[in-house]
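Chain A is already provided as a structure; the job is to place chain B on it using the hints.
There are 2 protein chains.
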Amino acid sequence: MDFDFLIENIPETKKAIGTDKGLAKIGDGIVNFTYSLAKSIYLTKESSGNKVFRTGEKVSKNILAKALKDAGMKPFAKNRADSHDLANTVEAIIAYVWLKGNISIEEIVDILLTNLTGNISHRLKEVNNAANAFTHLLLKIKEDLPEKEL
Amino acid sequence: MDFDFLIENIPETKKAIGTDKGLAKIGDGIVNFTYSLAKSIYLTKESSGNKVFRTGEKVSKNILAKALKDAGMKPFAKNRADSHDLANTVEAIIAYVWLKGNISIEEIVDILLTNLTGNISHRLKEVNNAANAFTHLLLKIKEDLPEKEL
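Residue numbers (the numbering used here), protein chains in the order written: chain A, 1 to 150; chain B, 1 to 150.
Since the hints were made in silico from the structure, they are not lab data. Among the hints, erroneous ones may be present.
For identical chains, the list gives no copy identity; a pair is met inside one copy or between any two copies.
[Claimed, not checked] List time: in silico DSSO-like cross-link candidates among lysine-lysine, alpha-carbon distance up to 30 angstroms: (1) K100 with K58; (2) K25 with K69; (3) K45 with K15; (4) K140 with K45.
Chain A on its own, in the form it takes in the complex:
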């Protein structure tokens, strides 16, 4: 199934993609689902015993906001954006690229997993480590996004 008709009315500019509220809502699902999977796999592989972890939490807005800034992609967000706005922008961007067919769920999980390091069970440490994984994801999908800002 092609989903790209769902984005055909979005102007091909950074701001239009990054500030679309509907895209952010769809992206929220993609982000939480793929991170849950990456985290489950990571914890399972890191586990010393043969324990299998299955987990799923909402990815905090601080993780996503930090990733957007670290990837140098604040121009996709609205002016004077707070953490909540920046997190929505990450979600919108990811939804856009997925709907366009430029990346699959499996590829997103794979990129996050490859770039997860250190402790992600401890809430505070997770923010930095997970943000780093999302930064790499954003840098990867940046190639498929327009250069034009407005």
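Below, chain B without anything else, positioned relative to chain A:
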């Protein structure tokens, strides 16, 4: 990427799959994401103008609980389950089948979309119409689930 090692420690019984909390967490993401897409496509196709809808909401537990009952799949839930438990069971079942590689995200969206009818913009009407779509999804994936109850 294969995800089935994430379910290898789950006994192949209805109750073990349907009451696994981690599976339910992963499934929560799949359910919300796929329903958001199916709803967006449905509203876009039904729209009289050329309006494009992009939406995403958490699927209510009432929708999922009704779907499980209507599909005759309460044996997957714990005894004396309330709506919240029944909804978790639907999420766990969907995660299980997806992780096993028996269904793709696109197929889930397609089955939901094919079985959506009537008004889904009105909150009360949406419960019945969306539950019907999830019932069809459950009946479809039932084939890939174990017969054994305990």
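Tested hints:
1. K100 with K58: Both. Shortest intra-copy (24 angstroms) and inter-copy (23 angstroms) distances satisfy the 30 angstroms Cα cut-off.
2. K25 with K69: both (20 angstroms within a copy, 28 angstroms between copies)
3. K45 with K15: Classified as between; 26 angstroms across copies, 38 angstroms inside a copy.
4. K140 with K45: Answer is within: at 24 angstroms inside a copy they meet the 30 angstroms cutoff, but 32 angstroms across does not.
Of the numbered hints listed earlier, not one is contradicted by the structure.
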